[in-house]
Amino acid sequence: KNEVEQSPQNLTAQEGEFITINCSYSVGISALHWLQQHPGGGIVSLFMLSSGKKKHGRLIATINIQEKHSSLHITASHPRDSAVYICADTNTGNQFYFGTGTSLTVIP
Amino acid sequence: DTGVSQDPRHKITKRGQNVTFRCDPISEHNRLYWYRQTLGQGPEFLTYFQNEAQLEKSRLLSDRFSAERPKGSFSTLEIQRTEQGDSAMYLCASSPWTGELFFGEGSRLTVL
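Residue numbers (our numbering), protein chains in the order written: chain A, 1163 to 1270; chain B, -15 to 96.
Calculated directly from the structure, the hints in this document are not laboratory data. Some clues are possibly wrong.
[Claimed, not checked] Here are the in silico distance ranges between beta carbons for each label pair:
#1 B:E40 to A:S1207: 14 to 22 Å
#2 B:G0 to A:N1226: 46 to 54 Å
#3 A:E1177 to B:G56: 31 to 39 Å
#4 B:E52 to A:G1214: 47 to 55 Å
#5 B:D47 to A:H1218: 28 to 36 Å
#6 B:H(-6) to A:N1184: 43 to 51 Å
#7 A:E1179 to B:N14: 27 to 35 Å
Every residue gets a Cβ at the ideal spot worked out from N, C-alpha and C, and that includes glycine.
With these hints in hand, go ahead and build the complete structure from the sequences.
This is how it looks when you write it as structure tokens:
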């Protein structure tokens, strides 16, 4: 059974702080996704990666296939980054397994 | 806007009634997924289509749930004889062959 675990579950940061959210998974995967969900439901895909590192603006995602671990980093955090961040993995693209999410609050 | 759209956004129904949700994926996307999400939890897989073929279905999905994607474009998710435990957000996502996920805004179901 594929288990996806995220840490921390909740995170509060001051504006400008560097933030790291971690994701561990238990079985081999073909891709890992980082998603952002704002209150009200809408989910936006941030990254899809299968190796190495990707960067988009102030967001950086890394993955270590050997250690079955991925991290999402936010540099110079801002209150508008407040959201739930979810990681999800897939082996075949037929099914995705989701973590329970990390709720981030950035205080001005 | 040509993103994933879901309808209705909110549905309140009485226990025992049937409900149907519709998802219109991004037009070039051959993969379509349905998920269910309850408060404080990550999305839970329900079913997956590649074009019109339903390739995977969660074992958690009772026979009250059925999904179709008749022409490989839009999809419907029907819940028969709804129960209070069915109250959740029902999310649809589509994906091109490259694998990125694009989610709709979801359909929130409340069963009274």
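Against the structure, the hints:
no. : hint                           : verdict
1   : B:E40 to A:S1207: 14 to 22 Å   : holds (20 Å)
2   : B:G0 to A:N1226: 46 to 54 Å    : holds (50 Å)
3   : A:E1177 to B:G56: 31 to 39 Å   : violated (46 Å)
4   : B:E52 to A:G1214: 47 to 55 Å   : violated (39 Å)
5   : B:D47 to A:H1218: 28 to 36 Å   : violated (42 Å)
6   : B:H(-6) to A:N1184: 43 to 51 Å : violated (34 Å)
7   : A:E1179 to B:N14: 27 to 35 Å   : violated (41 Å)
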